[in-house]
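Please work from the sequences and hints to get the whole structure.
Protein chains: 2
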Amino acid sequence: MPQTYQQYLQEHREQHLKELFDFLKIPSISSLSEYKEDVRNAAEWLKAELEKTGMEHAEVMKTKGHPVVYADWLHADGKPTVLIYGHYDVQPVDPLNLWESDPFQPEIRDDKIYARGVSDDKGQIFMHVKAIDAFLQTDGKLPVNIKVLFEGEEEIGSPHLPAFVEEHKDLLAADLIVISDTGMPEKDKPTICYGLRGLCGLQINVKGATSDLHSGEYGGGVQNAATALVELLASFHDRDGKVLVEGFYDKVEELTAEEKEAFAKLQVDEEKLRKQLGVPELFGEKGYSYTERTSVRPTLEINGMQSGFTGEGLKTVLPSEAFAKMTCRLVPKQDPYEILELLKKHIHAHTPKGVTVTVTEFDKGYPYVTPLDHPAIQAAGRAYEKVYQVPVTYTRGGGSIPIVAAFDNILKLPVVLMGFALPTENAHAPNEHFHLENFGKGLETICAYWNELQTLIFS
Amino acid sequence: MPQTYQQYLQEHREQHLKELFDFLKIPSISSLSEYKEDVRNAAEWLKAELEKTGMEHAEVMKTKGHPVVYADWLHADGKPTVLIYGHYDVQPVDPLNLWESDPFQPEIRDDKIYARGVSDDKGQIFMHVKAIDAFLQTDGKLPVNIKVLFEGEEEIGSPHLPAFVEEHKDLLAADLIVISDTGMPEKDKPTICYGLRGLCGLQINVKGATSDLHSGEYGGGVQNAATALVELLASFHDRDGKVLVEGFYDKVEELTAEEKEAFAKLQVDEEKLRKQLGVPELFGEKGYSYTERTSVRPTLEINGMQSGFTGEGLKTVLPSEAFAKMTCRLVPKQDPYEILELLKKHIHAHTPKGVTVTVTEFDKGYPYVTPLDHPAIQAAGRAYEKVYQVPVTYTRGGGSIPIVAAFDNILKLPVVLMGFALPTENAHAPNEHFHLENFGKGLETICAYWNELQTLIFS
Chain A
1 MPQTYQQYLQ
11 EHREQHLKEL
21 FDFLKIPSIS
31 SLSEYKEDVR
41 NAAEWLKAEL
51 EKTGMEHAEV
61 MKTKGHPVVY
71 ADWLHADGKP
81 TVLIYGHYDV
91 QPVDPLNLWE
101 SDPFQPEIRD
111 DKIYARGVSD
121 DKGQIFMHVK
131 AIDAFLQTDG
141 KLPVNIKVLF
151 EGEEEIGSPH
161 LPAFVEEHKD
171 LLAADLIVIS
181 DTGMPEKDKP
191 TICYGLRGLC
201 GLQINVKGAT
211 SDLHSGEYGG
221 GVQNAATALV
231 ELLASFHDRD
241 GKVLVEGFYD
251 KVEELTAEEK
261 EAFAKLQVDE
271 EKLRKQLGVP
281 ELFGEKGYSY
291 TERTSVRPTL
301 EINGMQSGFT
311 GEGLKTVLPS
321 EAFAKMTCRL
331 VPKQDPYEIL
341 ELLKKHIHAH
351 TPKGVTVTVT
361 EFDKGYPYVT
371 PLDHPAIQAA
381 GRAYEKVYQV
391 PVTYTRGGGS
401 IPIVAAFDNI
411 LKLPVVLMGF
421 ALPTENAHAP
431 NEHFHLENFG
441 KGLETICAYW
451 NELQTLIFS
Chain B
1 MPQTYQQYLQ
11 EHREQHLKEL
21 FDFLKIPSIS
31 SLSEYKEDVR
41 NAAEWLKAEL
51 EKTGMEHAEV
61 MKTKGHPVVY
71 ADWLHADGKP
81 TVLIYGHYDV
91 QPVDPLNLWE
101 SDPFQPEIRD
111 DKIYARGVSD
121 DKGQIFMHVK
131 AIDAFLQTDG
141 KLPVNIKVLF
151 EGEEEIGSPH
161 LPAFVEEHKD
171 LLAADLIVIS
181 DTGMPEKDKP
191 TICYGLRGLC
201 GLQINVKGAT
211 SDLHSGEYGG
221 GVQNAATALV
231 ELLASFHDRD
241 GKVLVEGFYD
251 KVEELTAEEK
261 EAFAKLQVDE
271 EKLRKQLGVP
281 ELFGEKGYSY
291 TERTSVRPTL
301 EINGMQSGFT
311 GEGLKTVLPS
321 EAFAKMTCRL
331 VPKQDPYEIL
341 ELLKKHIHAH
351 TPKGVTVTVT
361 EFDKGYPYVT
371 PLDHPAIQAA
381 GRAYEKVYQV
391 PVTYTRGGGS
401 IPIVAAFDNI
411 LKLPVVLMGF
421 ALPTENAHAP
431 NEHFHLENFG
441 KGLETICAYW
451 NELQTLIFS
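Read top to bottom, the protein sequences are chains A and B. Note that the UniProt record's numbering gives residue 288 to position 288 of the first sequence, counting from 1, and the numbers run on in steps of one. Note that the UniProt record's numbering gives residue 254 to position 254 of the second sequence, counting from 1, and the numbers run on in steps of one.
Since the hints were made in silico from the structure, they are not lab data. Small disclaimer: the values here were computed from a predicted structure and weren't measured. We put the beta carbon where it would ideally sit given N, CA and C, even for glycine. Mixed in with the good hints there might be a few duds.
Unchecked claim - Here's a subset of chain B near chain A, in silico, CB distances under 7 Å, partners left out:
(1) GLY219
(2) ALA226
(3) LYS275
(4) VAL279
(5) GLY287
(6) THR294
(7) ILE302
(8) VAL317
(9) PRO332
Said to hold, decoys possible - Quick look at which bits of chain A chain B covers, simulated, 3 or more residues with Cβ under 8 Å:
(10) 92 to 104
(11) 187 to 201
(12) 209 to 216
(13) 299 to 311
(14) 325 to 331
(15) 348 to 358
Here is the structure:
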């Protein structure tokens, strides 16, 4: 009897982990120019892996920024075609001193793999490569047609991907898109994420005097750039977590009755979460539950700010400059371009006296939702339930994958988000990790999903 | 005919500048522990210079921190005894990249000496040493008895000096104290500073979650440490520059009628100042002139703040920490200890939900005023007018020299502040400098002052 994919995966577990470690060692940090070569190396590694697996037409394809990796296997006649999207780039690692091990020297501790990018997103796309490998090695064929599209700029907002997708529309034509770059709330609680928040970002620079001033000589005489910045930043929210930018909430869609029911099933143990996060209390927009606030309500967050003297001790200086970086998470039907205009209008109206303010825009990504009752969504639910042996829940994700809405707009395909990461795995923070248990179960779930999909017919 | 002090000073100008440059080259930064040896070296250099001049009992005296330099010349029987105070320590230099020349390699450009500490305070105390030198070399004696007390901790709030002064009360007994660590508004507008603002400082640390969080996953669910900090900081002022801390202004003394008249004579060209500082407009506490705001009104300033990601580009992180450093300039009769308690009470009452706040206190210094009509003040006015050939103005300084109030409390002496620095000389900032013209005129003014003082009788 030929080997099953489960047997193959179990037998080759050690080898697969070794290969994953090789992938994780490449510091493919897309946001910092000094890692440009490493990003390319990661693309080349991935292409070679796909070729070894048996995928065809594997190629590292140019863009105006970091390259895209493509490959396909299109011999499942009459079966659906799945486009798998993921990213091989990773977040920066700072603050480095908070990592317990080298972010680019993967380690296994307590049944978790520790490395930058293992959860977001290399571990997850690697599982897709190995799932393909498992079928081709055991069955000689895939249950469905597969195309992979792995980009290197997701962490910087996928600036060149929409143009790439537009340019290669025919190459990328498929019946649905599957993305594994999200998560489940807890280890044994599989979730299908059927929506994502959008994103927009900007930097505010405040300028006072030509240079820093002596706070005795000039203090009281001119506006302090730091004071002006905090006044401006404080104008963005009320004390109950609501964003005060005029028009911000105008286009926000309320949940459907069905969604409200599904959300009620998402039990979050708030006290447990509070302790785990180490905060005195959870906090956010008044009138909404924790789950709603982190998935279906928009936010405006300060990601970083700096002004004046921040070294040891005291320096009686009146800062002449101050800046803050901010991002919004958006929900349907907010438009990131429109929100940025509203933010700029608010900044303009609230700029304190005595300083000048400049605004630089960053990334923009649209929010996204696939209808809950789509057959591809329901098939994914069945795949999870088969492997995890518990009912799957349906959730809308708090994070953003800007390209999802671009796929929707350009390729007009349903998107299925099947993630295996956990919120505790420190994505974007020090000591990022991935549970080995989900590595194993994720591989099987993906394989189960291809089996489920082969029976569906897409119009 | 023996040489006059004016002739001596002119003849030895080049040599004196060379000696000053040697003094300036020593990076005596008191706030940074890695310069501890340099601070000591500056003290030793100063002691040697005083000995060369002919001062007696020159000594580098221990304190719990950086040492104090003492010396005296007490042979002017029946004449007043002057205690000259100054400091040989300097501010840190960051941001270094904004300096046009090495802060510790003095240069003369456009008739100005550029170096850290040349204006605040080494250039000024050096002039005192050379004035003593001029008298002893030309006349063999000083017109008054002189004691010098040069400390190494003024830039960090003189923490050990009050105890030192208390311990050496008899050694430091005198009829008045003269301090050259302040300035005049413009090059040809000599000013006697008869009051100083006090100082207190603190650092606010805000803590949210245990670590930085992914802003998609958690944004909206917990308080953002940066947002909490800006809310707290914004609560300190109204939009018209007034400090909102309860009780802050309670003990502030209004100006006397005589002072109001003297202040009216201090014509500040606000448009010229605005252009010079490069601000869109001057700004401060509503209802008070620029001069009042920078000298007789108290302030609360943010000196620095930082949170989250401040590097290149964007990072969608929800910061778990944020801090700000703040200082107040105080006026009579505000008490720095009391003000710190009021600030802490305000912080406590305004701490936003979902974070914890810790406060660390820094320096404390009392505000100070010598009556305008004191004979020593009037004598200093005559000395300035003799050299500068224009009427002197009387002003209250914006800056703080914390030890002044300690001198008042412990030694019970009138303090005469005769400064020669200019507000444009970048004290506490990059490219600090000192005008050669004031170097020359300052030397002569000090000499003229000793001559004026020798006829006064102190009870």
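Verification of the supplied hints:
{"no.": "1", "hint": "GLY219", "in the structure": "holds, 4 Å"}
{"no.": "2", "hint": "ALA226", "in the structure": "holds, 4 Å"}
{"no.": "3", "hint": "LYS275", "in the structure": "violated, 10 Å"}
{"no.": "4", "hint": "VAL279", "in the structure": "holds, 5 Å"}
{"no.": "5", "hint": "GLY287", "in the structure": "violated, 12 Å"}
{"no.": "6", "hint": "THR294", "in the structure": "holds, 4 Å"}
{"no.": "7", "hint": "ILE302", "in the structure": "holds, 4 Å"}
{"no.": "8", "hint": "VAL317", "in the structure": "holds, 5 Å"}
{"no.": "9", "hint": "PRO332", "in the structure": "violated, 15 Å"}
{"no.": "10", "hint": "92 to 104", "in the structure": "holds (count 3)"}
{"no.": "11", "hint": "187 to 201", "in the structure": "holds (count 3)"}
{"no.": "12", "hint": "209 to 216", "in the structure": "holds (count 8)"}
{"no.": "13", "hint": "299 to 311", "in the structure": "holds (count 12)"}
{"no.": "14", "hint": "325 to 331", "in the structure": "holds (count 3)"}
{"no.": "15", "hint": "348 to 358", "in the structure": "holds (count 5)"}
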